[in-house]
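The listed protein sequences correspond, in order, to chains A, B and C.
Using the numbering used here, read the first sequence as starting at 1 and increasing by one per residue.
Using the numbering used here, read the second sequence as starting at 1 and increasing by one per residue.
Using the numbering used here, read the third sequence as starting at 1 and increasing by one per residue.
Calculated directly from the structure, the hints in this document are not laboratory data.
It cannot be assumed that every hint is accurate.
Said to hold, decoys possible - Here are a few chain C residues that face chain B, going by a calculated C-beta distance under 7 Å:
{"id": "1", "residue": "Leu222"}
{"id": "2", "residue": "His226"}
{"id": "3", "residue": "Thr227"}
Unchecked claim - Okay, the calculated beta carbon distance ranges per label pair:
{"id": "4", "chain 1": "C", "residue 1": "Lys243", "chain 2": "A", "residue 2": "Glu70", "range": "28 to 38 Å"}
{"id": "5", "chain 1": "A", "residue 1": "Gln186", "chain 2": "C", "residue 2": "Lys243", "range": "46 to 56 Å"}
{"id": "6", "chain 1": "C", "residue 1": "Gly309", "chain 2": "A", "residue 2": "Lys7", "range": "32 to 42 Å"}
Said to hold, decoys possible - Simulated pairs of lysine-lysine, DSS-like, Cα-Cα distance not exceeding 30 Å:
{"id": "7", "chain 1": "B", "residue 1": "Lys820", "chain 2": "B", "residue 2": "Lys921"}
{"id": "8", "chain 1": "C", "residue 1": "Lys142", "chain 2": "A", "residue 2": "Lys203"}
{"id": "9", "chain 1": "B", "residue 1": "Lys4", "chain 2": "A", "residue 2": "Lys203"}
{"id": "10", "chain 1": "B", "residue 1": "Lys201", "chain 2": "A", "residue 2": "Lys203"}
{"id": "11", "chain 1": "C", "residue 1": "Lys228", "chain 2": "B", "residue 2": "Lys921"}
{"id": "12", "chain 1": "A", "residue 1": "Lys10", "chain 2": "B", "residue 2": "Lys201"}
{"id": "13", "chain 1": "A", "residue 1": "Lys10", "chain 2": "B", "residue 2": "Lys198"}
{"id": "14", "chain 1": "A", "residue 1": "Lys242", "chain 2": "B", "residue 2": "Lys297"}
{"id": "15", "chain 1": "B", "residue 1": "Lys921", "chain 2": "C", "residue 2": "Lys243"}
{"id": "16", "chain 1": "B", "residue 1": "Lys381", "chain 2": "A", "residue 2": "Lys242"}
{"id": "17", "chain 1": "A", "residue 1": "Lys242", "chain 2": "B", "residue 2": "Lys362"}
{"id": "18", "chain 1": "A", "residue 1": "Lys10", "chain 2": "B", "residue 2": "Lys4"}
{"id": "19", "chain 1": "A", "residue 1": "Lys6", "chain 2": "B", "residue 2": "Lys4"}
{"id": "20", "chain 1": "A", "residue 1": "Lys242", "chain 2": "B", "residue 2": "Lys351"}
{"id": "21", "chain 1": "A", "residue 1": "Lys242", "chain 2": "B", "residue 2": "Lys378"}
{"id": "22", "chain 1": "C", "residue 1": "Lys243", "chain 2": "B", "residue 2": "Lys915"}
{"id": "23", "chain 1": "A", "residue 1": "Lys7", "chain 2": "B", "residue 2": "Lys4"}
{"id": "24", "chain 1": "B", "residue 1": "Lys835", "chain 2": "C", "residue 2": "Lys228"}
{"id": "25", "chain 1": "B", "residue 1": "Lys839", "chain 2": "C", "residue 2": "Lys243"}
{"id": "26", "chain 1": "B", "residue 1": "Lys660", "chain 2": "B", "residue 2": "Lys688"}
{"id": "27", "chain 1": "A", "residue 1": "Lys235", "chain 2": "B", "residue 2": "Lys297"}
{"id": "28", "chain 1": "B", "residue 1": "Lys815", "chain 2": "B", "residue 2": "Lys835"}
{"id": "29", "chain 1": "C", "residue 1": "Lys243", "chain 2": "B", "residue 2": "Lys815"}
{"id": "30", "chain 1": "B", "residue 1": "Lys940", "chain 2": "C", "residue 2": "Lys228"}
Note that the structure is a prediction, hence the values are computed from the model and not measured.
Glycine residues also receive a C-beta, built at the ideal position from the N, C-alpha and C atoms.
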Amino acid sequence: MTCLPKKTDKKLGLVIDLDICVGCQACATSCKEWNTSGYSAPLSDHDPYGADPSGAWLNRIHSFEATSAEGLAKTVHFPRSCLHCEEPDCVTVCPTGASYKREEDGIVLVNPDTCIGCKLCSWACPYGAREYDYDDGVMKKCTLCVDRIYNENIPEEDRVPSCVRACPTGARAFGDLGDPNSEVSQSVAERDGFNLLDEFGYKPVNKYLPPRINSVQAAPAVEEPAAPDGSRLEKLFAWADKALSR
Amino acid sequence: MAHKQPILDTSPKVSDEIRQTTCYMCACRCGINVHLRDGKVNYIEGNRDHPINKGVICGKGASGIMQHYSPARLRAPMKRVGPRGSGQFEEISWDEALELATEWLGNVRKTDPKKLAFFTGRDQSQSLTGLWAMKYGTPNFAAHGGFCSVNMAAGGLYTFGGGFWEFGDPDWDYTKYFMLFGVAEDHASNPIKKGIGKIKKRGAKFVSVNPVRTGYNAVADEWVGIRPGTDALFVGALIHELFRAQQIDLDYLIRYTNSPWLVIQDPGAADHGLFARDADGNPLVWSNEAGDFGSGKVSDLSASLTGTRTLPDGRTGRTVFELMAERYLDDEYAPEAVEERTGVPATQIRKIAAELAHVAFKEEVIIEREWTDAWGRKHDKLIGRPISMHAMRGISAHSNGFQTCRMIHILQILLGSIDCPGGFRYKPPYPKQTPPNLIPHGAAGDIKPEMPLGGPHLGFPHGPHHLLLDEDGGPNRLDKGFSWDAPMSAHGLMHMVINNAANKDPYGIDVLFMYMANMAWNSSMNTPGTIDALTKTDENGDYVIPKIIYSDAYYSETVPFADLILPDTTYLERYDCISLLDRPISEPEILADSIRYPVVEPDRDVRGFQTVLIDLGARLGLPGFVDDAGAPLYPGGYPDYIVNHERKPGIGPLAGFRGKDGSEYGVGEKNPDQLKQYIENGSFWQQKLDPEHAYFRHANRGYLDWGIEKGIRLTPDATIFQLYSEPVQRFRLAAEGHGDRQPPERARDRIQTYFDPLPFWYEPMEESMVDTDKFSLHAITQRPMHMYHSWGSQNAWLRQITAQNRLYIHTSVGKQIGAKDDDWVWLSSHQGRVKCQVKLMDGVNPHTVWTWNAIGKRRGAWGLSDDAPESNQGFLLNHLISELLPSGGGGYRYSNSDPITGQAAWFDLRVSIEKADGDEKTEPFFEPLGTGNQKPSPLKVAFGAEFRRKAR
Amino acid sequence: MHPAYSVIVFTTSSGAGYGLLFWLSLAHMAGRLPGGVMAFVAITLALALITAGLVSSTLHLGHPERAIGAFSQWRSSWLSREGVAAVATYIPAGLLGLIWLVGAEVGFTNILAMLSAIGAVATVYCTGMIYGSLRTIRQWNKGLTPVVYLALAGATGSLLLALLMSFFGAAAAWLGALTLVSLVVAGAIKLAYWRQIDADPGQYTAEMATGLGGQGGSVVPLDPPHTKPNFVMREMGYQVARKHAARLRRLSIITLFVVPIGAVTMVILAPGAASMLYLIATLAAAWGVATERWLFFADADHVSQLFYGATRA
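My request is simple: use the sequences and hints to build the entire structure.
Here it is as C-alpha cells:
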C-alpha cells in the first residue's frame with residue numbers, strides 16, 4: 001500500500017558518524033553478502049569479471065574533499081544508503097503498492113514479489129538510494145536488514161543490520177530515532193546530528209554525525225626555561241642533574 | 001482507510017550451520033563465523049569472541065564468498081608445455097607433480113643445496129617453511145618481509161625488543177594522544193580501526209603523519225602532510241624541541257634504557273663507540289650512590305645521565321644520554337631547519353612537541369595496581385604517559401627507514417611511553433631481548449649436500465661476525481642478505497632473488513620454488529625486468545633459471561611463468577596455524593594463537609601448500625620430516641604436523657590446549673585432541689595476562705618469569721632499551737678497518753655513513769643519486785582498505801569498488817601541467833615511464849603523487865577479460881621502480897634498499913610528470929598472458945538467488 | 001535523466017493518439033466529423049497509437065507480466081492514475097469505435113465522445129504529472145510540465161486529424177485554424193517552459209546533500225563509490241553536452257513548430273495540397289516531438305547527482 005502510514009510506532013534507522021568512518025567498505029560488502037541471499041536476494045552483478053562491472057548494492061561509500069571557507073581540505077568518507085524517510089515520495093509514486101513504509105517500525109521496503117520494475121520510485125528518491133536489479137527486474141533497496149533485526153534464529157546481540165554488525169570503527173549505530181531517550185537519539189542530540197538534504201523535506205530518519213576535531217589545550221609553545229649561562233646542551237645537562245638529584 | 005502491508009517472515013532461516021575459522025582476506029587474521037547453507041558458504045561475519053576483531057569484519061573479510069568462489073582458482077596440478085608466459089599447461093596428477101618436484105629438489109640437495117631458492121610471499125606459515133628450508137639445507141630462504149616491513153621489525157627489535165608492525169598496539173583504552181606514521185591498513189587492520197573509533201569517541205587527539213590524506217588519515221584531528229622520506233627530520237625536530245624544553249622522562253630513561261651507559265670515546269680504537277664494560281661484560285654506568293662505576297644492567301636509580309668520565313682503563317667515556325642530546329639539540333634538527341625539506345611548518349612542529357609534552361607530563365594516567373619490577377622493586381601504581389604511536393610502510397619503505405623507525409622509538413622512549421598505560425604496548429611474546437638473540441644461519445661453511453642448516457636462516461646480527469659470507473667474503477645468500485650490501489637484513493631480500501638468479505650474481509641456481517608471491521607482477525620492483533629475468537635464456541636457449549615451482553590458489557600473473565604448478569586451496573578449505581613461533585595474533589593483554597580448518601572441502605584437485613610441503617619433505621627424506629626408518633613423520637599432512645611437531649620439548653606450533661587433556665598452555669605434552677579443542681573454541685586459543693603483568697613488561701618481574709615458564713622468553717633479564725645501538729656501531733668499526741671481517745672497499749664509505757649507532761636522517765638513496773630537478777616529485781602508493789595486494793581484483797564485489805586506479809596529484813601540479821581530472825599523463829623515473837590517468841586533489845603533499853597499490857593487472861590473469869579496466873587503464877608504479885640503484889662511484893649497483901636492513905625502498909621513487917597524447921590506454925601495455933586450462937569467467941553473478949528461490 | 005526509447009515512444013505515440021481521440025471526439029460532438037469509414041479509421045488510429053504507446057511503456061518494466069498491479073494505487077500514484085485513466089478511456093473510445101465499425105445508429109455517441117475526450121485529457125494530464133510531481137528533478141517539477149504534455153498531445157493530435165480528414169477529402173478550413181492554433185499555443189508553452197527551466201539554477205547544492213563544507217565551503221568528490229557507473233548514475237546521471245542540447249532544441253523547434261506551422265499556413269493559403277502539406281507537417285512534428293521528448297529527459301538534472309559530482313540541482 002503506497003499511501004504512507006499516518007504515523008509509525010517506531011522510527012528505526014541508522015546514525016552514521018562521519019567523524020570516524022575511515023571508508024573501509026565493511027558496511028558495503030557486509031550489506032551485499034547478507035542481502036544477496038536475504039530478503040531481496042539476489043543482488044545481481046553484471047560483467048563481474050569484464051570491462052564494465054556493476055551490480056546492485058544497497059549501501060555505497062563515497063569519499064569527498066570538503067574544503068572549508070578558510071581553504072582547509074578534509075577527506076570525508078561518506079556511506080550512503082536508504083534513509084527510511086518519514087515522508088518519502090518513493091513510496092507514494094509506486095503504482096503497485098510494492099513500495100511501502102511499515103507502520104510498526106517505519107522501514108521502507110519494496111516487495112520483490114509485486115514490484116513491476118518501473119523504476120519510478122528511484123526517480124523520486126533524491127538520495128539515489130534505490131538500486132534497480134537489471135537481472136531480477138525489480139527495485140532493490142536497504143531493508144534495514146528487516147530479516148535480521150527481528151530474526152529469532154540469530155543471537156539477540158546480532159539482531160542489528162549487517163552493516164552495523166560489521167563496522168570496525170563503530171561509525172554506525174542502529175536504533176529507534178522516534179524515541180528521544182534511545183542511544184541513537186541521544187547521540188544525535190549531543191553531536192548535532194543532521195539530515196541529508198533537509199531542505200528537501202522527506203524527513204529522513206537516518207542521521208549523520210558531523211566530523212569534528214579533538215584538540216589538546218597545551219601551552220602555546222615550548223618555552224626554553226631560564227637557566228644559568230651556557231649552551232643549550234649544558235643547560236639540559238644541568239637540568240637533568242638537578243632533576244635527578246632531587 | 002487502514003494501512004495495509006504484506007506480512008513478512010522476519011525470522012527466516014539464516015544457515016544450516018556456522019563454522020568458525022580464521023579470515024585470510026588480508027594479514028590481519030580475524031576470527032570469522034562462516035555460515036553454510038546447502039553446503040555453500042552464504043554469509044561470513046566476525047567472531048565476537050575473537051581477540052583480534054571482537055566481532056567486526058572489514059570490507060575484504062565480508063567479501064570472502066567471492067574470493068572463495070573466484071573463477072581464477074586453480075583446479076589441478078599443472079606442468080608447463082609451452083614457453084614461459086604462454087600459459088600453456090598440461091594438467092597432471094598429484095603423484096606426477098610431487099614426483100617431479102622431488103626429483104628436481106632431490107638432485108639439487110644431493111649436489112649443491114644452495115641451488116635451491118625457496119621464497120614465500122603472503123603466507124602465514126613461516127615457522128614450517130623455514131624449518132623445511134633449514135632441514136633441506138639451502139641458505140636461500142626467506143618470506144616477503146624484506147620488501148614489506150623489515151625496517152619496522154628490525155628498528156623495533158634492536159631498540160626495545162618489540163615493534164610496530166604486528167608486535168604491538170597503542171593502548172586504545174587510555175591513550176590521549178595518538179600519532180600515526182605512514183600506516184596502511186593491511187596489518188592489524190581491524191584492531192587499528194576499532195582503536196581509532198574508540199579514541200576519537202573518547203576525545204583523544206589523533207595526529208596523522210602521511211603525505212596523503214585518505215583512509216585513517218582522513219579522520220585524524222591534525223594532518224601532517226609530510227614529504228616522503230623526511231619523517232626522521234620531523235621526528236628529530238620533535239625530539240629537539242623536547243630536549244630544548246627539558247620535557248623528557250628522565251626517571252624512565254634511567255630505569256629502563258641504556259641512556260646512562262658509558263660509551264668509549266677513543267677515535268681510531270677498535271672499540272671506539274662501544275660500551276665500556278666490566279670484566280663480566282656488563283656495560284658500565286657511573287653510580288652516584290656508590291661513587292664508582294656500576295653495572296648498567298641493574299637499573300641503578302642513581303646512575304648519572306651526564307658527565308664525561310675517565311674509565312677504569314684511563315680512556316674517556318660519555319653517557320648515551322649526552323651523545324643523544326648532542327645529536328638532537330644540534331641546529332640540524334631545529335624546526336626551522338627542517339621545515340622546508342619536510343614541508344611541515346616549524347610552528348606546527350613546535351605545537352605538536354608542546355602537545356606531546358603536555359599530554360605526557362601534565363595528563364599522565366595513573367592506574368592503582370601493584371607490580372614488581374625486574375629488580376625486585378615493588379610499585380603501588382602504574383604511571384602512564386598517554387602518548388601512543390604507530391608506524392608502518394610509510395616509514396618502512398624508504399632506504400632510511402631503519403634509522404627513522406629507531407628515531408620514532410627514541411621519541412616514544414624519551415616521553416616514557418613504551419608499555420605504560422596510554423602508551424604503546426607490547427603484544428606477547430614480545431618484548432624480546434635487545435638485541436634479539438636470534439642469529440642468522442647459512443654462511444659458506446654451513447652448506448653441505450644432504451645436510452641441514454645449523455639453525456634458522458633469519459636473525460639479527462650483533463656485528464660483522466654474524467654475517468653470512470662465502471669463502472671470499474662475498475654474499476653466501478642469493479639475495480645478498482646478511483652480506484655487506486645489507487648486513488642486518490633480518491627478513492632477507494626477496495625482491496632481489498629473481499634478478500640475482502638471472503644475472504648469476506652472486507651465483508646461478510637450479511630451482512626457484514615460490515609460494516603465494518606475485519613476483520611476475522605487483523610484488524616485484526621493475527616488473528618488466530623481472531619478467532625478462534624469468535624468461536632469460538642462455539646461449540643454448542635454456543632458461544637461466546632452469547626450473548620454477550610455484551604454489552598459489554589463483555591464476556595470478558606469476559603462474560604462467562612457472563614450470564610446475566602446485567595448486568593451493570582457498571582459505572576456507574585449508575588448515576593453517578597462526579603460531580607463536582611465527583606471527584601470532586596476540587593482543588596486548590592476551591597471549592593467543594589460532595588455526596584455520598577446512599570449513600568446506602575443495603571441489604577441485606587442489607591441496608593445501610603446507611601439506612604438500614610436508615609431503616615433499618618426507619619424499620626428500622629431510623630430517624624432521626621422516627623418522628629414523630625413513631617413514632613420513634606427519635603422514636596426516638599439516639594438521640598432523642600442527643599437533644605433533646615439537647620445536648623444543650613441550651613446545652609446538654600451537655600453545656593452547658596442550659597436555660594430554662588440553663588443560664595446559666605454552667609448554668606441555670602433545671594433545672591428540674588439540675585441533676578439535678581449537679575448533680570447539682572458535683579456532684583460536686587465548687590466555688589473558690595477569691593484570692599485574694599487563695604493563696612495563698620489559699621490566700616486569702612477574703611477566704618475565706611467567707614468560708620463561710610458558711616458553712615465550714629465553715631469559716629472565718629485563719629488556720633494556722637500546723637508544724644507542726652497539727651492533728650498528730660494530731659494523732661501522734669494521735668499515736673503519738677494525739676486525740678481521742672487512743667490507744669490500746666499495747662498501748666502506750656506505751657503511752661508515754649509514755651505520756650510525758644513534759638514529760639520524762639521511763637523504764633517501766634514489767633521491768641522492770638522481771637529478772631531483774628533473775624528477776622533482778615523489779611517487780608512492782597507498783593501500784585501498786578493501787583490497788589486499790593483487791587478490792581483490794578477482795573478487796566480483798571488491799573489484800567493482802576499484803577496477804581502475806588513477807594517479808592522484810595535487811591541484812597545483814595539475815595546474816602546472818595543465819591537466820584536469822581523467823587526463824592522461826606520462827609519469828617517468830630514471831627507470832622508465834608509465835602512462836596513466838590523473839585525479840586532482842588537495843589532501844596530498846604538493847610534491848607527492850600517489851596511486852592505489854596493486855590495482856593494475858596484466859591481461860590474462862585473475863580470470864579477468866582482456867578489456868578489463870585493471871589492465872587497460874589501471875597501472876603499476878612498479879614499472880618505474882628499479883630493483884637496483886643507479887651505479888654510484890666504482891660502477892657497482894646496490895639494491896634499491898635500506899643499506900642497513902635491505903628493506904626494499906619502494907617509496908624512494910622520484911618522478912617527473914607531463915601530459916600525454918594518443919591512445920587512452922595505459923603503457924607499458926603487456927601482451928596478454930595465456931590462460932592455460934582456466935575456464936572462462938561468468939558474465940553474470942547472482943549469488944544467493946538459489947537461497948531465495950528455496951525460501952519462497 | 002536517461003532518455004529511454006521505450007518511454008519516448010510511449011509518450012509521443014500515446015500523446016498523439018490521445019490528442020487525436022480528443023479532437024475527433026470534439027469534432028464528432030460538434031457534428032464536424034464525417035461518419036462512416038473515416039470516423040472508424042480515425043478512432044482506430046487513435047487507439048492504435050495509444051496502444052502502441054502503452055505496450056512500448058511496458059517494455060521498460062522489469063516485470064511486465066505483473067503490470068496489472070499498477071492499477072491499484074491511484075490514491076497516491078500518478079503512474080497508477082495514468083493506468084486507470086488509460087484503461088477507463090478505452091471503454092467509451094472502444095465503444096465508439098465499435099459503433100462506427102458496425103455503423104449502428106445510436107443516440108449516445110456524443111456522451112461516449114465526451115467521455116473519450118475527458119479520458120484523453122485526464123490520461124495525458126496524468127502522464128504529465130508523473131513527471132511534474134517529481135521534486136527530485138527541477139526541470140520537470142514545474143506547473144507547465146503537464147500543460148506541455150497536453151499542448152503537444154493536442155498539437156500532434158490535431159495534425160493527425162487534419163491529415164486523416166484531408167486523406168478522406170474532408171479537409172475543411174476549420175481544421176487549418178485548429179492545427180495552427182494548437183501548434184502556436186504548444187510552441188508558445190514549450191518556449192515558456194524552456195525559458196522557465198533555463199532560469200532555474202537549482203536550489204539544492206552538494207553541500208546540502210552531504211551536510212559538509214560548512215559555511216561558505218565546498219564539497220567535491222574524491223573517489224566515487226565504485227569505479228564504473230551504477231544504476232543511479234546511468235539512469236539519473238545522463239548528461240548531454242550543452243552545445244549538443246542547444247542544437248537539438250533548435251532542431252525540435254524547427255521540426256515541431258516552424259515546419260508544421262509553415263505547412264499549415266500554406267494549407268490555409270493554398271488548400272489544394274492539403275494532404276501533402278499535412279503529411280509533411282505531421283512527419284516533421286513526429287520527429288520534433290520525439291526530439292523534444294528526448295531532450296525532456298536528457299536536460300533533466302536529478303538531485304541524486306549531487307552525490308556524484310553535480311554542484312547544484
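Against the structure, the hints come out as follows:
Contact between Leu222(C) and chain B, as hinted, is supported at the beta carbon level, the nearest pair being about 6 Å apart and thus within 7 Å. Satisfaction of the interface hint for His226(C) is found here, the shortest Cβ-Cβ separation to chain B being roughly 5 Å, below the 7 Å cut-off. Taking 7 Å as the C-beta contact cut-off toward chain B, the hint placing Thr227(C) at the interface holds, the least distance being around 4 Å. As the Cβ distance of Lys243(C) to Glu70(A) is approximately 37 Å, the hint placing it in 28 to 38 Å holds.
Under the hint 46 to 56 Å, the C-beta atoms of Gln186(A) and Lys243(C), about 53 Å apart, fit the expected range. As the Cβ distance of Gly309(C) to Lys7(A) is approximately 37 Å, the hint placing it in 32 to 42 Å holds. Among the hinted pairs, Lys820(B) with Lys921(B) is consistent with the structure: their alpha-carbon atoms are about 17 Å apart, no more than 30 Å. Pair hint Lys142(C) plus Lys203(A) holds up; C-alpha atoms about 22 Å apart against a cutoff of 30 Å.
This hinted pair checks out: Lys4(B) and Lys203(A) have alpha carbons roughly 22 Å apart, not beyond 30 Å. Distance check on the hinted pair: Lys201(B) and Lys203(A) sit about 27 Å apart at the alpha-carbon level, within 30 Å; holds. Note on Lys228(C) and Lys921(B): the hinted pairing holds, with a Cα-Cα distance of about 16 Å set against a maximum of 30 Å. Between Lys10(A) and Lys201(B), the direct Cα distance comes to roughly 27 Å. Compliance with the 30 Å bound is thereby established for this hinted pair.
Distance check on the hinted pair: Lys10(A) and Lys198(B) sit about 29 Å apart at the alpha-carbon level, within 30 Å; holds. For the suggested pair Lys242(A) and Lys297(B), the alpha carbons sit about 23 Å apart, so the restraint of at most 30 Å is met. Our distance criterion of 30 Å between C-alpha atoms is met by Lys921(B) and Lys243(C), whose separation comes to about 28 Å. Between Lys381(B) and Lys242(A), the direct Cα distance comes to roughly 25 Å. Compliance with the 30 Å bound is thereby established for this hinted pair.
Restraint check for Lys242(A) and Lys362(B): satisfied, since their Cα atoms lie roughly 20 Å apart, inside the 30 Å limit. At most 30 Å may separate the alpha-carbon atoms for a hinted pair to count; Lys10(A) and Lys4(B) meet this at roughly 17 Å. Between Lys6(A) and Lys4(B) the alpha-carbon distance is near 12 Å, which keeps this suggested pair within the 30 Å criterion. Distance restraint check for Lys242(A) and Lys351(B): the Cα-Cα separation of roughly 27 Å lies within the 30 Å cut-off, and the hinted pair is therefore satisfied.
Distance restraint check for Lys242(A) and Lys378(B): the Cα-Cα separation of roughly 25 Å lies within the 30 Å cut-off, and the hinted pair is therefore satisfied. A C-alpha spacing of about 26 Å is found between Lys243(C) and Lys915(B), which places the hinted pair at or below 30 Å, so the restraint holds. Our distance criterion of 30 Å between C-alpha atoms is met by Lys7(A) and Lys4(B), whose separation comes to about 13 Å. Our distance criterion of 30 Å between C-alpha atoms is met by Lys835(B) and Lys228(C), whose separation comes to about 20 Å.
Among the hinted pairs, Lys839(B) with Lys243(C) is consistent with the structure: their alpha-carbon atoms are about 26 Å apart, no more than 30 Å. Taking the CA atoms of Lys660(B) and Lys688(B), the gap is near 22 Å; set against the 30 Å cutoff, the hint holds. With a CA separation close to 28 Å, the supplied pair Lys235(A) and Lys297(B) stays within the 30 Å bound. Annotation: proposed proximity of Lys815(B) to Lys835(B) holds, straight-line Cα distance about 19 Å (limit 30 Å).
Of the supplied pair hints, the one linking Lys243(C) and Lys815(B) holds, its CA atoms being roughly 26 Å apart against a limit of 30 Å. At most 30 Å may separate the alpha-carbon atoms for a hinted pair to count; Lys940(B) and Lys228(C) meet this at roughly 16 Å.
When the structure is compared with the earlier hints, no violation turns up for any of them.
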